[in-house]
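Just need the whole structure built from these sequences, with the hints factored in.
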Amino acid sequence: MAGDPLRGHNGSVFSVSFSPNGKLLASSFADNTIRLWDLQTGQTILGPLGGHSSLVLSVTFSPDGTFIASGSYDGTIRVYDATTGQTILGPLQAHTSWVRSVIVSPDSVRLFSCSDDGTIRLWNVQDRHVPDTQHPTVPRVFLCVRYSPGGSRVVSGSSDGAVCVWDVQTGDTVLGPLQGHTERVWGVDYSPDGAYIASASEDSTLRIWSAQDGKDIHGPIQGHTDYVRCVRFSADSSLLVSGSDDGTVRIWNVQTGKQLNQPLQGHSGWVLSVAFSPNRPHVVSGSSDNTIRVWDIQTGQTVIDPLQGHEDWVWSVEFSADGSHILSGSADKSIRIWDAVTGQSLLVLGQGHGSIFSVGFSPNGGLVISGSSDGTVCVWDAQSGQLMLTLDGHTRWVESVQMSPDGSHVVSCSWDGTIRFWDVTSCQAHVRDDSVKDDGERSDYGQVEAASRPWVLRDDGWVVDRQDRLLVWVPSDLQPYTRRPPNDSIIPRGYGFELDLIGVNMGEQWTRCYQA
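Following the working numbering, the numbering of the sequence shown begins with 6 at its first residue and continues without gaps.
FYI, nobody ran anything at the bench for these hints, they're computed from the structure.
Misleading hints may appear alongside valid ones.
Listed next, with one range per pair, are the computed distances between beta-carbon atoms [said to hold, decoys possible]:
#1 Val179 x Gln303: 33 to 39 angstroms
#2 Asn266 x Asp344: 24 to 30 angstroms
#3 Asp465 x Asp301: 50 to 56 angstroms
#4 Gly47 x Arg463: 37 to 43 angstroms
#5 Gln174 x Gln267: 33 to 39 angstroms
Small disclaimer: the values here were computed from a predicted structure and weren't measured.
Using N, Cα and C, we set each Cβ at its ideal position, and we do this for glycine too.
The following block contains the structure:
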């Protein structure tokens, strides 16, 4: 033991945190208070800091050393000035159960909290007066994401009911949050002409927004009697198709917001995903009844027998760009490609990568992308079914994926609260049936992949070079924020950071940092 025990609190010690310079220690105890200690003298220099009405379960210093954050059994978060001990923010109230842990982002701008209410929440702690509109103080989990027709923007729907439009290059919010929905937004889409955005919500409504100014064109579009899970525009931007937990598929006129004809009925479970055919008056739907149906929107009848083969819920369906194939992803951990005319199952892939929540074709049909419950985004060869690339970075399941209109990038959103953009240009340039050999060794494509990645961050925190040599270790508390190639950018901005390895003593050169 380096010194005498630090005494002053009454009760159990729940959490301690060093200041960035290592000279101070913050502690929280069962007496509902926080104290700040001088480690050289062992004396209390601040505190007891009060405010919480129950046990203080977590305390942490900001990386810049200017403030201390705490989370309590009383369900609140408080932020204290590390010099004066004054409460500068809080109590922050949103959690519905006790706050088990708090952590401050590396730039000391945002605070993350996790609670027994099952949520992780994001707070802005930099601006003491103006709410952070881009990183609001309400929990935001992105549930769906779609590219604009030109690929320069993406629209997202989230757990707080907001619809946002983001600039792909900068990660800035360029429109929104568009407010109107009162519950989670499970589906969004851009119209092919770029004029409108559609959203589908747990509040049982659809909304159509102007993509230019965010105006709510018709107000809530009503008709479904349960959660609306999905929405898509037709190729000519004149119609919408939606699917709901009420088991129906409905077609809507974009200009009037009115429903066309009768609901399409046949599924015995929730309708989880829908898509329009690009060249026929057909829509496809996937359901929790484990089947896929193809409908003629003019007659309201199915055009082929239900597509059966999945052994669990069908979370995602898509048509290929030429309308000849249907793609599906299921909770049975498989992806299937079907003939859109005959309904024949042509290829099964993806087994073993977790429940498949979202799938999509590349614009040229040569690749398949998927997002799954294991947190990965995968790229597959659509001809051979071979796995070409696994994109790691998300820390929770991936809810939605789409490839950009030019096929160069994949966008994904996850329950970890981020949207990520992935560069897959090398994959597009090397679509080939023999991209992965039978023995599991990567062929030419793997060499291209390695050449495009100067370093890799492994799961154990080590950064390694192309020869798998150890370069530098990233501390465990920073690993979740570190972007890994080919992850180009992350929304919200500031959630991730890049490692600057210039001038770093790597590998065995670490000995140069040591002075006797």
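Here is what the structure says about each hint:
1. Val179 x Gln303: 33 to 39 angstroms: Given range 33 to 39 angstroms: holds, Cβ gap about 38 angstroms.
2. Asn266 x Asp344: 24 to 30 angstroms: For Asp344 against Asn266, whose Cβ atoms are near 27 angstroms apart, the range 24 to 30 angstroms holds.
3. Asp465 x Asp301: 50 to 56 angstroms: holds, 54 angstroms
4. Gly47 x Arg463: 37 to 43 angstroms: holds, 40 angstroms
5. Gln174 x Gln267: 33 to 39 angstroms: violated, 44 angstroms
The structure shown violates just one earlier hint, number 5.
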